[in-house]
Amino acid sequence: DQQVKQNSPSLSVQEGRISILNCDYTNSMFDYFLWYKKYPAEGPTFLISISSIKDKNEDGRFTVFLNKSAKHLSLHIVPSQPGDSAVYFCAASDTFLMLTFGGGTRLMVKP
Amino acid sequence: DAGITQSPRHKVTETGTPVTLRCHQTENHRYMYWYRQDPGHGLRLIHYSYGVKDTDKGEVSDGYSVSRSKTEDFLLTLESATSSQTSVYFCALRGAGGTGELFFGEGSRLTVL
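Each protein sequence line maps, in turn, to chains A and B. First residue of the first sequence? That's 12 in the working numbering, and the numbers climb one at a time after it. First residue of the second sequence? That's 141 in the working numbering, and the numbers climb one at a time after it.
Read the hints as simulated data drawn from the structure, not as lab findings. The beta carbon of each residue, even a glycine, is placed where N, CA and C say it ideally should be. Incorrect hints may appear among the rest.
To be verified - To spell it out: a stretch of chain B is covered by chain A in this simulated footprint if at least three of its residues, at any positions, have a beta carbon under 8 angstroms from a beta carbon of chain A; those stretches are:
| # | region |
| --- | --- |
| 1 | 168 to 181 |
| 2 | 184 to 196 |
| 3 | 215 to 226 |
Starting from the given sequences, assemble the full structure and let the hints guide the process.
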């Protein structure tokens, strides 16, 4: 049973518009959440994170929102750019020892 | 760049043969991980290490073994490869900060025929 789920395998967005990627989790012990970005033939790279004591964290065009009661987090990218086209993984941790990843969402930003 | 090198980057092998993937780091990180990436499953943890000769199983450890005889090298071995082990394998290090952030290598694509 997947503890971290990304229910949308793909998302297509027009350049300049907002991209919203969603992630749900089931383990209430998770207290740290991360988003990774992956280009083809490369390893995932860290994008942004949020602690469970916060409900929002911003870094430039990227904002992560956390709704603990709903066990839901989302990544907003504004404005979306063609270079943002990649696979995005959300991940969660309860011990800082291991990360549990979702299945990924492929984002396509069209010019 | 966290100084992670995976080898080989690509390998094709036959069912039943042994395969070893190597992860090498240059920055003396304590924690190292092996993940596999498969469509629809994201990244799943195979094994991890928290020090020399200290390893533990992850979510999908069956059919895999690991060894860490020195800090810089973490080896993943498939004793007898099966077609279900066709995947992309990523090594990762845990960063020095206490946030759980992982730094990944570029991956090793393994095809088992």
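Are three or more residues of the region 184 to 196 of chain B within 8 angstroms, CB to CB, of chain A?
-> The restraint on the region 184 to 196 of chain B holds, since 4 of its residues have a Cβ under 8 angstroms from chain A and three suffice.
Would you check chain A against the region 215 to 226 of chain B, counting CB to CB pairs closer than 8 angstroms, and say if three or more residues qualify?
-> With 0 residues closer than 8 angstroms to chain A, the region 215 to 226 of chain B misses the three-residue bar; violated.
Are at least 3 residues of the region 168 to 181 of chain B within less than 8 angstroms of chain A when you compare beta carbons?
-> holds (count 5)
Hint 3 from the earlier list is the only one contradicted by this structure; the remaining hints agree with it.
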